[in-house]
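Novice: Below are the chains, spelled out letter by letter.
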Amino acid sequence: MKNTLWKALGILLLAYVFAITFLVPLGPGLLEFQNVERVISSSTENRSVPEYQLIGYGTHWDDDPDALQVFVKSKSQLAALEVIRVDDANHATVGLTLPYSLPAKSWNVLINHPIDGTLLLENGLFLSDRFIDAQATWPAPSFVEHPGNLGFHFPYQPRIIETIRNLMLHVPLWFTMFLLMGIGFVSSIKLLSNPRNQLDDQRAEASVQVGLWFGVLGLLTGSLWARFTWGAWWVDDPQLNGALVTVLVYSGYMVLRQAVEDERLRSRLSAVYNLFAFVILVILLMVLPRFSESLHPGKGGNPGFNTYDLNSALRAVFYPAIIGWMLLGIWMYLVTLRMKRVNRQIELLP
Amino acid sequence: MSERMSRSSAWSRYRFLTAHAFRMEWRQKHGLAGLLLFALASVYACYQVAGGRASSETWNALAWVVLMFSAFNAVAKPWPEDSEAMRKYLKTTLRPGEWILARMTFYSAILSALSVLIFLSFTLFLGSEHFNPRQGLSFLLGLECTALAFASLLSVLSAIASRAGAGFGLTAVLGLPLIIPIVLISTRYGTDILKGILWIDTAHHLLFLAALTGGIGALGFILFPYLWRD
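In order, the protein sequence lines correspond to chains A and B. Per this note's numbering, the very first residue in the first sequence carries number 1; after that it's consecutive. Per this note's numbering, the very first residue in the second sequence carries number 1001; after that it's consecutive.
Just so you know, not all the hints are guaranteed correct.
[Unchecked claim] Covered by chain A, according to a simulated footprint, are these stretches of chain B (three or more residues, beta-carbon under 8 Å): (1) 1129–1139; (2) 1180–1194; (3) 1212–1220.
[What the hints assert, rightly or not] Taking lysine to any residue and the SDA-like style, the derived pairs with C-alpha atoms no more than 20 Å apart in a straight line are: (4) B/Lys1088 / A/Lys75; (5) A/Lys340 / A/Leu199; (6) B/Lys1091 / A/Arg264; (7) A/Lys75 / A/Val39.
Source of the hints: derived by calculation from the structure; they are not laboratory data. From the three backbone atoms N, C-alpha and C, an ideal C-beta is built for every residue, glycine too.
Let the sequences and hints guide you as you build the complete structure.
Specialist: Printed below as a string of structure tokens:
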């Protein structure tokens, strides 16, 4: 009974994680603020102003078109733009009602909407042809940050967008691999201190074998993610190199096991190699990437990971995902271990 | 012999073993000659591929690759001590830690000499227009540090492979992935030097290499007795 409870818990957690991960909608965000190379007449200023198209992702502007407010902000200077019309839920036509001399060229675009709340598009507007006057100021329009009125949703991140769901697969898969390789490391140490206990050898082999699967899955999900966010299936990055080399090192462990006939000798040689492999794993995935520039979040000064961590919606799925994947990994490890022991019993039969 | 060994100190046994390794190597000269030939032929093949006008990136990449493969070639040769009878005899006369240290020292010396040779032949064939003498010396220093790191790792791996009785192929399979962290650090150092970055600003890579060498050496020293056991 005790043995089935935690397995059921793992499966339940993973079912919860998969359901939430793929069913919960993504929060709204701003995709683009683009110049459509046209002018449009402004009703508030009685002149023609450049026409811009504001494109949102997952927004609900047509539910309450009159309430959409668009602002641009540079440093502390805020300006309101005129919303000419809302075309549909994700598109609005905006008139660039700005004076000719401006304090800066680069502007953040902000919107306020009762459903979507306050959204920000960083450096969404760049005006190269304006006269720059650092002293240019005007009275700021009233702007109140709006929390929005949406249900449970994942936060919108620029460039990552829908692939943020991969956070529940990619990261816990690597964590699980770490756990399994850690089990292998401890088993190898125990084997070297007491070589008679062949069970430790089977433990080490089973954990590395299962951990390798998690490593390969971590590589595949990471590759998918890299294709979407960085534009290539594989990029030259310390974290990625480390991940691939880790998988190769542990494949070497499996090769070494195949190469040795004698059982006692095999257990000892592979334990020695396994200790080396784990040390290299720690160096590659936890030490080296911190000392070099990296695109990968959480490394090389990239703050991406902290932003995810802070969001409560992601945390509500991410932590159960870690526990669920780890329980599954341990279950797979135990089944593999039992298979090895049964096979050994069969071999020993007369 | 065994009488003398048991009364001698660990330090003198280590010195004897190291000197013995060199003496054995010197007696059968074909091993050393093969090593030299392999390194020179690799450099010459690089020269044929890249021509005399290799860019600094190509120069850098080829130098490290040649050093890496020469290092694997250097440890490929089986030792007489790897044989079952010899190991059983040595076990009664000395501690395994002394033996692995001697082996590491021997490989360090061989690979250091080899890296100087590779560097000189590279400047001869592929040209030295990418660096001034000062940068050249810094690059050579990087090669030396890498050679020591390779020696400490590959001594243990070749010991594992020879104990497994599987020969050179297994050393390569086990060693190539494990050696990549060292190669990553070294190539970054080499790139920095050839880019003209001041030595002091990239010297931390050498510290990493030294730490790796020390760590791997210590791990090998601790674990090697387990390889020797029956």
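Novice: Work down the list of hints and note, for each, if the structure agrees.
Specialist: Against the structure, the hints:
1. 1129–1139: It is violated: at least three residues are needed, and the segment 1129–1139 of chain B offers just 0 whose Cβ sits closer than 8 Å to chain A.
2. 1180–1194: Held - the segment 1180–1194 of chain B has 5 residues with a Cβ nearer than 8 Å to chain A, which meets the minimum of three.
3. 1212–1220: With 4 residues in contact (Cβ-Cβ under 8 Å with chain A), the coverage given for the segment 1212–1220 of chain B holds.
4. B/Lys1088 / A/Lys75: Given pair B/Lys1088, A/Lys75 is violated - Cα atoms ~77 Å apart, limit 20 Å.
5. A/Lys340 / A/Leu199: Holds: A/Lys340 and A/Leu199 sit about 10 Å apart, inside 20 Å.
6. B/Lys1091 / A/Arg264: 18 Å, holds
7. A/Lys75 / A/Val39: 27 Å, violated
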